[in-house]
Amino acid sequence: MAKLFVGVDVGSVSTNMVVIDEEGNPLAAHYYRNDGQPLQVIQEGMAVLAESIKPATIAGVGTTGSGRLLAGAVLGADLVKNEITAHAAAAVHFHPAVQTILEIGGQDSKVIVIRNGVVTDFAMNTVCAAGTGSFLDHQAERLKIPIEEFGELALTAENKVRIAGRCTVFAESDMIAKQQFGFSKAEIINGLCEALVRNYLNNLARDKQLLEPIVFQGGVAANKGIRAAFERELKTTIIIPQYYHVMGAVGAALLARKQWIRTGKDSQFRGFADLNIKFIPKTFECNFCSNRCEIIRVEQEQKVIAVWGDKCGRYSESISA
Amino acid sequence: MKITFPYMGPVFAYRKLFEGLGHEVVIPPRPSQRTIELGIKYSPEFICFPFKIILGSYLEALEQGADLIVTTGFIGACRAVYYGNLSERILHKLGFPVEVTVFDSPGEDLRGFLRNCRKLGNHTPFPKVVRTLELVIRLIFAHDYYQKKLNHLRPYERIPGNCSRKWIEIQQLLDSCNSLKELKEVLPEANRIIAGIPIDPERTILKVGLVGEIYLVMESFANHEVEERLAKLGVEVVRNQYISNWVTHFVLPPKRLLRQADPYLKHSAGGHEKENIGYILKYRQMGFDGIIHLLPFGCMPELVTQSLIPALSANLNLPILSLSLDEQLGWVNHMIRLEAFVELLWTRYGQAKEKINDGKVVCRS
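Chains as they are written, first to last, in this note's numbering: chain A, 1 to 321; chain B, 1 to 365.
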């Protein structure tokens, strides 16, 4: 039977699932909006995945993204990796010569510097979401443009409009101001794309050498306006990989595959059937010491399957043992 | 009067100092989420994160009946100079009849220093003052010695969290001695505890230097237990910011270390930034794999260091990760950066090994 590897990327806005074969070729890729319920999305997505790949053995499961711990516990993952490593692994797999990765997702953006196929430097946005997908989403909604058409529309702009891009609050009031001066929607959106790119390059990519080839991935890479703005700023062409929207999941699957090749260990994957049983997350404050940690616990049929948040290891160690 | 002080380093030793001088002492509780929330509520919004923690811990100590705060000032440093006076104003405004005694450098204000000494001296006979001081200084050095030892052992421990649990035992042990004789007696016991920690010395580990703003580097609750988290990823964390080090450097400034930083920074901006640059250079010479730099959001001296990091990193061919911490950020966000950074270090380590061993890579996932 064919040996397959599953990668799951639970991000802030979307949950992505990918299946790759033993050679690392993606067989199926799914992109779901979380709508605040990643646990449910994981369960439903895995059910769809199970349908599409029958019959095969799952030889490894990798999870990544901000929800990687939860996904890892729920699925019984073999590998739980941070998204920077996962994104880099996927980009290097499809474009071995890549030297720079621009990644813009729902709530965070990263720049990853690669030399000789290895991560040498990276940066990630901190508190502000000014340069990310959620902000574009919000503005698209406000202007009543479907997010899928957002980028196309930006390309039709005739005149340049400068929008303040430092902060979403200022950007929005600036957009309204420009709108009252009579600029078209297309021009305002194009201005917004340029502001986002300017903000990204000035803050995140500051002090970084952005050498070609440059790969642009993450959900926002679908936006043609942003891509065009990047190409104008960097004066070069930018590669958008085929699986740009699920690269994190591809990376997690590739890393799980790499680990399997190295160790040859059987997967700890819980199995598709077991995923339908309800998972119940609970949270409480531990009063054992002055730390007062907020403990998060996931249960399945009264059995605790994962615990996070305890600084001393009181709860989490009893699980691993 | 009931004395309290900022929560920083070996607080039990400070208690012994003031108790030796015949005062009642309220030890501020180890800062918790509540401490930080209290501090944020009553601090200016843009003051440094350590100030907020310290103010919160003062408030908790005042709740327990403290009415005299003893702290240090030192002219010429950064905003930390004003911590004492600022906290006094805030606490007075809140209606606490508290007194704040700020020790400044005796070189700058000898009279004020002596006046404070006389006040806290409490007519204690001179030989007793000397004995107390010696005990306190030895306790501080013992505390830091064992903490360094445990930081070294932590990545090798067989039972996760063992070193941290033993650390609590050792602190209690040191806290139990009230004289130099008792201290001498407990030291072998502390050594036995350390020797009894099961370790796996064969493990391949990475070495990372921790530099940055002293409070964040020293206090684990403020830096989200960065040392323990890194140890779990197979990294030994070495730092030089300890109270004992601070005392030593106060008496004997580390001239050579500071001179080494000259090519990058000629003059001090008021904090520990020259020292930090000196340590980055030193750790590089010692063959460390990387550096982690911590600063509170908006910390002026450490922003100076941060701005020099790209140049340092390129010249030394040494990965440096700079993290800005404050009350707004949870550890989840930092964990991504820490994990990716450690991954980067492992890859570099593997490549270096490959060159030496001709393909036989020792690497862990």
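Just so you know, these hints were derived from the structure itself, not from any lab.
Do not take every clue at face value.
Said to hold, decoys possible - Partial list, derived from the structure: chain B residues whose beta carbon lies under 8 Å from chain A:
hint, residue
1, GLY95
2, PRO97
3, ARG158
4, GLU225
5, THR248
6, LEU252
7, GLN285
8, MET286
9, GLY287
10, GLN306
11, LEU344
12, ALA352
13, LYS353
To be verified - Cut-off 27 Å, straight-line C-alpha distance, at most; resulting in silico cross-link-like pairs (DSS-like, lysine-lysine):
hint, chain 1, residue 1, chain 2, residue 2
14, B, LYS41, A, LYS208
15, A, LYS208, B, LYS149
16, B, LYS207, B, LYS184
17, B, LYS232, A, LYS282
18, B, LYS255, A, LYS258
19, A, LYS185, B, LYS282
20, B, LYS255, A, LYS311
21, B, LYS266, A, LYS311
22, A, LYS311, B, LYS353
23, B, LYS149, A, LYS311
24, B, LYS353, A, LYS258
25, B, LYS166, A, LYS258
26, B, LYS232, A, LYS303
27, B, LYS166, B, LYS207
28, B, LYS128, B, LYS207
Unchecked claim - Have a look at the derived ranges for each label pair, beta carbon to beta carbon:
hint, chain 1, residue 1, chain 2, residue 2, range
29, B, TYR42, A, THR57, 32 to 40 Å
30, B, ARG192, A, PHE288, 23 to 31 Å
31, B, LYS181, A, ARG115, 21 to 29 Å
32, B, TYR42, A, GLN242, 53 to 61 Å
33, B, ARG192, A, GLN268, 47 to 55 Å
Just so it is clear, CB atoms sit at the ideal spot from N, CA and C, and this is done for glycine as well.
Exercise. Could you check if PRO97 (chain B) really has its C-beta closer than 8 Å to a C-beta on chain A?
Key: 26 Å, violated
Quiz item: When you check the alpha-carbon spacing of LYS166 (chain B) and LYS258 (chain A), does it fall within 27 Å?
Solution: Between LYS166 (chain B) and LYS258 (chain A) the Cα gap is close to 38 Å, so the pair fails against 27 Å, i.e. violated.
Practice problem: With a cut-off of 8 Å on the beta carbons, see whether LYS353 (chain B) makes it to chain A. | Solution: 14 Å, violated
Practice problem: Quickly compare the C-alpha distance for LYS311 (chain A) and LYS353 (chain B) to 27 Å and report which way the hint goes. | Solution: Violated - the C-alpha atoms of LYS353 (chain B) and LYS311 (chain A) are around 34 Å apart, more than 27 Å.
Quiz item: For the pair supplied as a hint, LYS208 (chain A) and LYS149 (chain B), is the alpha-carbon distance within the 27 Å limit?
Solution: Between LYS208 (chain A) and LYS149 (chain B) the Cα gap is close to 37 Å, so the pair fails against 27 Å, i.e. violated.
Quiz item: Range hint 21 to 29 Å: satisfied by the CB atoms of LYS181 (chain B) and ARG115 (chain A)?
Solution: 60 Å, violated
Quiz prompt | Holds or violated: LYS207 (chain B) to LYS184 (chain B), with C-alpha atoms at most 27 Å apart | solution = 32 Å, violated
Quiz item: Is the interface hint for ALA352 (chain B) satisfied, with its Cβ closer than 8 Å to some Cβ of chain A?
Solution: 12 Å, violated
Practice problem: Against chain A, run the beta carbon of THR248 (chain B) and see if the smallest gap drops under 8 Å. | Solution: This interface hint is violated because 30 Å lies over the 8 Å limit.
Quiz item: Holds or violated: LYS41 (chain B) with LYS208 (chain A), Cα cutoff 27 Å?
Solution: Not OK: LYS41 (chain B) and LYS208 (chain A) at ~38 Å, beyond 27 Å, violated.
Quiz item: Do the alpha carbons of LYS353 (chain B) and LYS258 (chain A) lie within 27 Å of each other, as the hint requires?
Solution: Distance ~20 Å between LYS353 (chain B) and LYS258 (chain A) Cα, so the pair holds.
Quiz item: Hey, LYS166 (chain B) versus LYS207 (chain B), does the alpha-carbon distance stay inside 27 Å?
Solution: This hinted pair holds, its Cα atoms lying about 22 Å apart.
This entry does not satisfy hints 1, 2, 3, 5, 6, 7, 8, 9, 10, 12, 13, 14, 15, 16, 18, 19, 20, 21, 22, 25, 28, 29, 31, 33, going by the numbered hints stated previously.
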